[in-house]
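Residue numbers (our numbering), protein chains in the order written: chain Y, 1 to 109; chain Z, 1 to 112.
These aren't lab readings, by the way, just hints derived from the structure by calculation.
Quick caveat, the model's predicted, so the values are computed rather than measured.
Heads up, the beta-carbon is just placed ideally off N, CA and C, and yes, glycines get one too.
Keep in mind that a hint or two might mislead.
[To be verified] In silico negatives: residues of chain Z with every beta carbon more than 12 Å from chain Y: (1) 15; (2) 41; (3) 44; (4) 52; (5) 56; (6) 65; (7) 80; (8) 93; (9) 108.
[Claimed, not checked] Sample of chain Y residues at the chain Z side, in silico, Cβ under 7 Å: (10) 2; (11) 43; (12) 45; (13) 58.
[To be verified] Far from chain Z by the CB rule (all over 12 Å, computed), these chain Y residues: (14) 6; (15) 17; (16) 40; (17) 42; (18) 44; (19) 48; (20) 67; (21) 82; (22) 86; (23) 92; (24) 93; (25) 97; (26) 101; (27) 102.
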Amino acid sequence: GQQVMQIPQYQHVQEGEDFTTYCNSSTTLSNIQWYKQRPGGHPVFLIQLVKSGEVKKQKRLTFQFGEAKKNSSLHITATQTTDVGTYFCAGMDAGKSTFGDGTTLTVKP
Amino acid sequence: NAGVMQNPRHLVRRRGQEARLRCSPMKGHSHVYWYRQLPEEGLKFMVYLQKENIIDESGMPKERFSAEFPKEGPSILRIQQVVRGDSAAYFCASSLFNQPQHFGDGTRLSIL
């Protein structure tokens, strides 16, 4: 079955440093979605990427979808304390989503 | 514009009792997903349902767990004869086909 691997599992950064999380799928995806879960909260949808090689930006967040549609990344520039939480990718294939295990980001002020 | 509604938010059960978790999807959404999350861990897929049909239950334990999404009313995740290991947060999400999922606030289940 489809597997989605996400690395790293944890990332600790100093406020102002950059952060990147990577997502790799064992199969080609129809699209990939990114979610953020704050501590004690529920996952919240951030963005969906559909096209091969697609790049989307949301303020300090940059999302990329690989050419082969099997990998993706989320990059945060100049992290802030409000960025703390767990970032999940979810690969969509034939109507089914498979979530990665997430990358938990902590930011030291 | 109600989002995904889950109740109860917190549920306490003694070992051996039954737990019923409810999820009302967003208006217009016919796809419902249930996930379990242990503290400091990721989302573990349990089951994917459409109205009156179970599409994928590959993540559901074979015993004690069942899920339904009737034609009328909320989706129900039912855990019979709960054990301590069932303590977790259970999240429900809904979506349109092949579209992003919208999550509820979750039900925190504690087993005494």
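Cross-check of the supplied hints:
1. 15: holds (26 Å)
2. 41: Violated, because the least Cβ-Cβ distance between residue 41 of chain Z and chain Y comes to about 7 Å, which does not exceed 12 Å.
3. 44: violated (8 Å)
4. 52: Per Cβ check, residue 52 of chain Z is outside 12 Å of chain Y; nearest 17 Å; holds.
5. 56: Residue 56 of chain Z is in fact no farther than 12 Å from some Cβ atom of chain Y, at 6 Å.
6. 65: holds (19 Å)
7. 80: holds (25 Å)
8. 93: violated (8 Å)
9. 108: violated (10 Å)
10. 2: violated (11 Å)
11. 43: Hint on residue 43 of chain Y: holds, closest Cβ of chain Z at ~5 Å, below 7 Å.
12. 45: holds (4 Å)
13. 58: At about 14 Å, which exceeds the 7 Å cut-off, the nearest Cβ of chain Z leaves the hint on residue 58 of chain Y violated.
14. 6: The assertion about residue 6 of chain Y is violated, with a minimum of 8 Å to chain Z.
15. 17: Given a closest Cβ separation of 23 Å, the condition holds.
16. 40: violated (9 Å)
17. 42: Residue 42 of chain Y is in fact no farther than 12 Å from some Cβ atom of chain Z, at 4 Å.
18. 44: Label violated. Min Cβ-Cβ 7 Å, cutoff 12 Å.
19. 48: The claim is violated: residue 48 of chain Y sits with its nearest Cβ about 5 Å from chain Z, within 12 Å.
20. 67: holds (21 Å)
21. 82: It holds; residue 82 of chain Y is separated from chain Z by about 20 Å at its closest Cβ, greater than 12 Å.
22. 86: violated (8 Å)
23. 92: Its Cβ does come within 12 Å of chain Z, the nearest being 6 Å, so this is violated.
24. 93: violated (10 Å)
25. 97: Non-interface label on residue 97 of chain Y violated, nearest chain Z Cβ at 6 Å vs cutoff 12 Å.
26. 101: violated (4 Å)
27. 102: With a cut-off of 12 Å, residue 102 of chain Y comes too close to chain Z, as the shortest Cβ separation is near 5 Å.
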